[in-house]
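Colleague: Take a look at the letters that make up each chain.
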Amino acid sequence: MFEKVLIANRGEIALRIHRACREMGIKTVAVHSTADAAAMHVRLADETVCIGPPAARDSYLNVAAILSAATITGADAIHPGLGFLAEDADFAAAVEEHGFTFIGPSPAHIRLMGNKVAAKDAVRRLGIPTVPGSPAGVPDLAAAEAAASAIGYPVLIKAAAGGGGRGMKIAHDRGELADMLPIAQNEAASFFGCGEIYLERHLERPRHIEIQIIADGQGGIVHLGERDCSLQRSHQKVLEESPSPALNTAERDGLGALAVAALHEFGYKSVGTLEFLYQDGEFFFIEMNTRLQVEHPVTEMVSGLDIVREQLRIAAGAPLGYRQSDIKLCGHAIECRINAENPDTFAPSPGRVTDYHAPGGLGVRVDSALYQGYAVPPYYDSLISKLVVHGKSRNECLMRLRRSLEEYVIGGIETTIPLHQRLVGAAEFIDGDYDVHWLERFVGRPG
Amino acid sequence: MKIGGRSPPFPDAELVRALAALLTETGLTEIEYAVGDRRIRVARAAGSPAPLVSSSAPFAAGSIEHPGAVRAPIVGTAYLAPQPGAPPFVRLGDPIVEGQPLLIIEAMKVMNQIRAHRPGRVAQILVADAQPVEFGAVLMLIE
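Chains A and B, in that order, are what the protein sequence lines are.
Counting from 1, position 352 in the first sequence corresponds to residue 352 in our numbering; the numbering is continuous, with no gaps.
Counting from 1, position 41 in the second sequence corresponds to residue 1041 in our numbering; the numbering is continuous, with no gaps.
Don't read these hints as lab results, they were simulated from the structure.
Glycine included, C-beta positions come from ideal geometry on N, C-alpha and C.
Among the clues, some could well be false.
As the list claims (entries may be wrong) - In silico lysine-lysine, DSSO-like type, Cα no more than 27 Å apart, as pairs:
#1 B/Lys1002 to A/Lys4
#2 B/Lys1109 to A/Lys4
#3 A/Lys328 to A/Lys392
#4 B/Lys1002 to B/Lys1109
#5 A/Lys27 to B/Lys1109
#6 A/Lys4 to A/Lys27
#7 A/Lys27 to B/Lys1002
Said to hold, decoys possible - Residues from chain A that face chain B, not an exhaustive set, calculated with beta carbons under 10 Å:
#8 Thr34
#9 Ala38
#10 Ala64
Based on the sequences and whatever the hints tell you, model everything.
Modeller: This is the structure:
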């Protein structure tokens, strides 16, 4: 097992990784920007190295600085967390070239799944259904129009190098396609460094269902059930739950088995998530995330497995040690992503946390790096806490969630806790009757 | 930076503030505090109401906003000489010109020369040879 792991990330996920390391007796190295010098995981880590000024490109995306920090601290392995360099195949390759273990899948698999067109191709050949779309990137309007006719309008224009719901445009007809195409290409080039775009059929009322996979690269592979992440605003997840209120056992087991069989053949190693759109009983693969996900605690609560610990074990060469039949998914879990934003306008609200009280009790988990007196910096994304609750049933879970939200105090800044409180009281949410467009309509409703 | 249990010789800002407050409280003009080979001297300048931290002490306000602070622009290992065995780039008290190389930080096998951003005199050298440094670490003070 590793003696020392460098955590190449920040915020609550860095603290999460620190915790998993410490529970395994592994020393941690926290690299941080000047803006994060007082972050909780920096305060707790065994060693710390400031790697740059606040801007992510000079710090958390600064490969040379991170590798240099690993060298001077003598780290054995680097955990990339999520976002930042977690799905950067060049970074993963550089980590390994410099003699450190990258805690994640192989650079080749990261690269393949990072190209969304290639990823769809790969999984389709492995027997997984995909969203009807253009067979490859569409280089110009003529190709786009031809593809769109075959797929059927409305179509979604997506960046091949994109992901995470960013940079997508809808076109309802040829006219809109002609308007949106150049915009999509430009955005793709500036957000993701690559202007290649592809088209997919736009589903009108799908749910977002994703399957959590763990594989040891030695033939051992399991799925840990699904998460329903349909509650999204601007394609960013707001709340996730497991199991999905929309699936029955047969659908769940079938999808899980399909995912496992495909990735087994693929030879995947480490954790990963296959994301699907689900509509009218049909599943359509959209993308695979070759990393830890923000919402992983939801699956940890229903499965009892520590997913970050599994990442560390697998990266150190251990076999899974368990089979699909050993996986027991119990009860229901829900995670609320709490952002430092105004709950109505979503305007960012960085600043000092003057009062802090996190809810507790049976089945309540808070993954957050906040503390009283902590100043939320303005330079990074606004996620500041994940409130994850578990119950024996979805009803019990909802009651517990409602209670936890009313108890949670984050003073001094604005947060989206009031939004979650509204959500938890909404009839459609209580009934589990929502799709990926529902939340946008809900927040558009007068309070 | 916190690394390998060995802490770099940076001033303890809390201690400096505490000593400064003690000066004011007691009406003394100078306090020198030493623990082992770490020494801080805080002195009140004549006629000024607030105590100044002496620049001849091995610890000064360098880690705060000293204008002559030479800070590491990258993470790596600091070397005070161009090669092992060679004389150091500069010594304490040396006069220097703007742009003069002061030390090297090695990162990823690349030697990066760190140059003076202003002319003056090397007032303090705050890193040891082959010491790991983080971004923003104060390496030397030029006055």
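Colleague: Mind listing which of the numbered hints don't hold for this structure, in increasing order?
Modeller: 9
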